[in-house]
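Asks: Two chains, two frames, some hints: make the complex.
Listed below, chain by chain, are the residues.
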Amino acid sequence: MNNRFKENIKKKSSSDSIIDKIMINAIRLFSFIVIIIFILILGKIFYEGIGVINWNFLTGIPKSDISKGGIGPAIFGTMAVSLIMLILAVPVGIFSAIYINEFAKDTFWLRLIRASVNSLAGVPSIVIGLFGFGFFVLFVGKSIDSILQTGMFFGQPAIIWASATLAVLVLPTIIVTTTEALNSIPLTFRQASLGLGASKWQTIRYVILPQARPGILTGVILALSRSIGETAPIMFLGSAFFLPNLPLAYLDLSFIQIPIINPADQFMHLAYHIFILSTQSSNPTLTEPFQYGTTLVLVVITLLLNLTAIIFRFRFRKINEVVKRNQ
Amino acid sequence: MKEVKIKIKNLSVYFNYIQALNDVSLEIFENKVTCLIGPSGCGKTSLLRSLNRMNDMIYGFRMNGEILIDDIDIYNKEIDVVNLRRLVGMVFQQSNLFPKSIYDNLIFAPKILGIKDKNELEEITERVCMQTSIWNEVKDRLNESALNLSAGQQQRLCIARALTVNPDILLMDEPSSSLDPVSTSKIEELLFDLKRNYTILIVTHNMQQAARISDYTAYLYLGQLVEYDKTTKIFTNPANKQTEDFLTGRFG
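Quick mapping for you: the protein sequence lines, in order, are chains S and A.
Per the working numbering, the very first residue in the first sequence carries number 706; after that it's consecutive.
Per the working numbering, the very first residue in the second sequence carries number 471; after that it's consecutive.
Hints may contain errors.
The following label-pair restraints were derived from C-beta to C-beta distances [claimed, not checked]:
#, chain 1, residue 1, chain 2, residue 2, range
1, S, L763, A, K588, 41 to 51 Å
2, A, K588, S, R910, 15 to 25 Å
3, S, P915, A, N534, 36 to 46 Å
Calculated from the structure, these hints are not laboratory results.
Glycine included, C-beta positions come from ideal geometry on N, C-alpha and C.
If we strip away everything but chain A, and leave its shape as in the complex, we get (with noise of 0.2 Å):
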């Protein structure tokens, strides 16, 4: 059985006087993987900040329509911003890490939650390297700099952290476009597992990938969602002309 996690309903987007999303309206299922993909420029990476409202910090941001998370609108007036990101966990496309120790960029989160036991923030790291499959690689080198791990590693430990405050839904945009063939394999995997216990939505430009990883899958195009369902509906027969132009390579 499945649940409806997030609700979108007739969302726009405007930044200023430009207009990103148009009209969005599309149901996200819990513990699914939901892949949002279209050109360059299309709202894809919007529509992703939008859901822990990282585009408020964007200057001139407005929107309208209603935005529900498990039946709560996270735009109303008594959310608290804060609180929300932690719900929602962000990956973004390149890694973010602070140049600080391994152990000291996976407590960082705990530690503003006021977790202060020594016990409790290791007992977190360890969870969080274990669910992501990098406790192996790092449990020797947990004082060492973050920035010392490879490029693939310091992803997998961007995902990490994100974890660490147990959030509900995670959001990734574009988190394997910078990575080589096997580190961006590494991160599918991880999707698989970590679907069981969260509601992951994520940008890519990849096709391959988000026929691989994905159960559903959302097409926009200038703003607008020209086509969402299942991936593989999408892929073998698309209900839309547009949606198949783009994903065979015919589209422009």
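Same shape as in the complex, but just chain S (with noise of 0.2 Å):
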């Protein structure tokens, strides 16, 4: 009988198990830490800032009796931002991705506009800003005003400028999650539907797009989430210490007013208030309940908004599990 078997069957030596066990452990740990990160920056926003959450809060107007006042013009000044942001880089993402992964033969071009998407997306939100306030407002708003006559109109920090410099930090997230959904549709579909008579922009428009919807939608909500924590980008664009009013203009149909986003006003945002309070008051103590409140306000709408991404997903993949298996 060969013992060799008998031999080497048994547990490996001490040492080596012992190695096994504290790296499997350490392991474990290191990952632990990452939960108990979140769980603790959670935690401490929440026990600190739902004490101030009430309706008067949330929907009322700042008062300079930080105690009385609401943060709404802050939530309303977010939404208006990140809205406008949405209808200038949904488009331009989208298209960009859509040229990239469905026109662009692997070129010179091809690599360079890859590489400036990429580059784009480690710029410092910082430098956005500051290229953000020299280009579109210091260039673009005030080529309009004198072009138009408009004085100083579009040449002063506004909603739109921020929007379109939020766009510009976001639009490399948004490319890059687009051109991956793209990618990910099999060339059968596209065979399929140009064999049928389609054309290239049917298919794209009646196969690829529909496909890969969940997946752009997941980049579009994450690119959102982002940019509605970013403060250095619109700090010299408009956004605005303390503005009880909402920036609405009324569409005058003479039997009844519209209100409409004015994007041309300053405004309120929640990160930039976050920022003023906890730099600018004159009683830091006083104001911290609020900062923290503020701060809750902001943390659960990204949540949320990350939470419909991690749905869309979800679907997504299932959605490509049933075409995985079927071929």
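Replies: As structure tokens, then:
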């Protein structure tokens, strides 16, 4: 009988198994650290901030006495800026991604575009903010003013320029996620559609985009949730310290007045409001609960957006699995 | 009286610097099934895909020679590729139904053609399902996902979908290579019915299948047409030694 089996089948030497145990537990510990940090941050914000949350705080206008005012205009301003940001960024992002994935051949230009997108993703947000001020406000805005003879109307910080700057910031996110979503659609579907006599655009419109939609939406929501928390890019671009009136204009249809967001107005913004409360207040101890309250609102909005993204991604994965199983 | 549907004259196809087809000339007859056979990489699929210009989308594609369908040069500048593909339908090796309902798959192409009338769309659906004898299997589940069908049903639905735009010619690239024998024989039966209305070109790796279903057979090797004749002639008395070797499995 051969003893080889008998000699080797027993547990490894004790030093080996100790190292094994240490490493596995270390890995476990480190992964828990991430969760703990996340819970600590959330818990702290929630614990400190929940006390000031009430209807008046969420909808009221800010007062000079912070304990009596609310953050309604800041929530509204955040949503207004984000909405216009999406209107600007989503078409550009999706069309760029369609070009990169569906039309561009693998040439010097495609590589240049990809490199630009990746570099853009790495630019610090404060730099994007300064660029936004220099380019959109001082160049684009002032040029429009001088062409249209509107005086100082477009050439000053306003919602539209803040949104445009945030759009520049999130464009790489949208382009990259959309390119990936388009790229994951199997070639066979394109062939099926083209083979049936659909044109290239019809194929994109009726076959590729519908299938990539959840993936694209995930990217858009992630971009949105990223942009909402940004303070640096909007600092120079019309986010106001204290602005009790909502940035609205009224569309006068004689029998009814429809309120619309006035893109040339200044605005309040949650992220900037937190920054102001914590740095510019004369009595930081007094404003502290309100800083936390505002932060809580911002975090909850971001979490809700991320949750939506997760649900979309889950659905997207399920569709993809069905498709893969059938191939 | 047999009529020539497709005339291929001195066709050479290149992908970048690789030559896929070398000076191929043959005539395909109307309402017949023509089989393209040959070892992998011999250019069968390239030839097939030249006929509805699906090669155009491959980077580095170039071609010399002429392809005439009903005496019209399909590589002429005035030809609209999209219209060409409506007249020359294609069925692929793997079923490529969209992840939509059976009905939505079948009305995809008609809708793109601009047909909006619901009755007309339903008529087309029924007609193509009848033509591919799949109607009884799908008529009660038209709104179910097409991907719930069996592999054989999916492939027959692909054929049905290709017929929705009423093409003249049907190109099939190994349509039954991934199917079981029962589904395969169903597709073969289908071809007998379909050739009354369509001119069919089919690529296959299955020699028995080629012998069973086709009227004409072309044997390609290394991008060249070795022999092209009536199937009965090719399979019983091939003129070329190479063809005989391939058919009897002594190839290599």
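Asks: For each hint, tell me whether it holds in the structure or not.
Replies: Hint-by-hint comparison with the structure:
1. For L763/S paired with K588/A, a C-beta distance near 49 Å keeps the hint of 41 to 51 Å intact.
2. As the Cβ distance of K588/A to R910/S is approximately 21 Å, the hint placing it in 15 to 25 Å holds.
3. Evaluation of the 36 to 46 Å hint for P915/S and N534/A yields a pass: the beta carbon distance comes to about 39 Å.
Hint violations for this structure: none, all hints satisfied.
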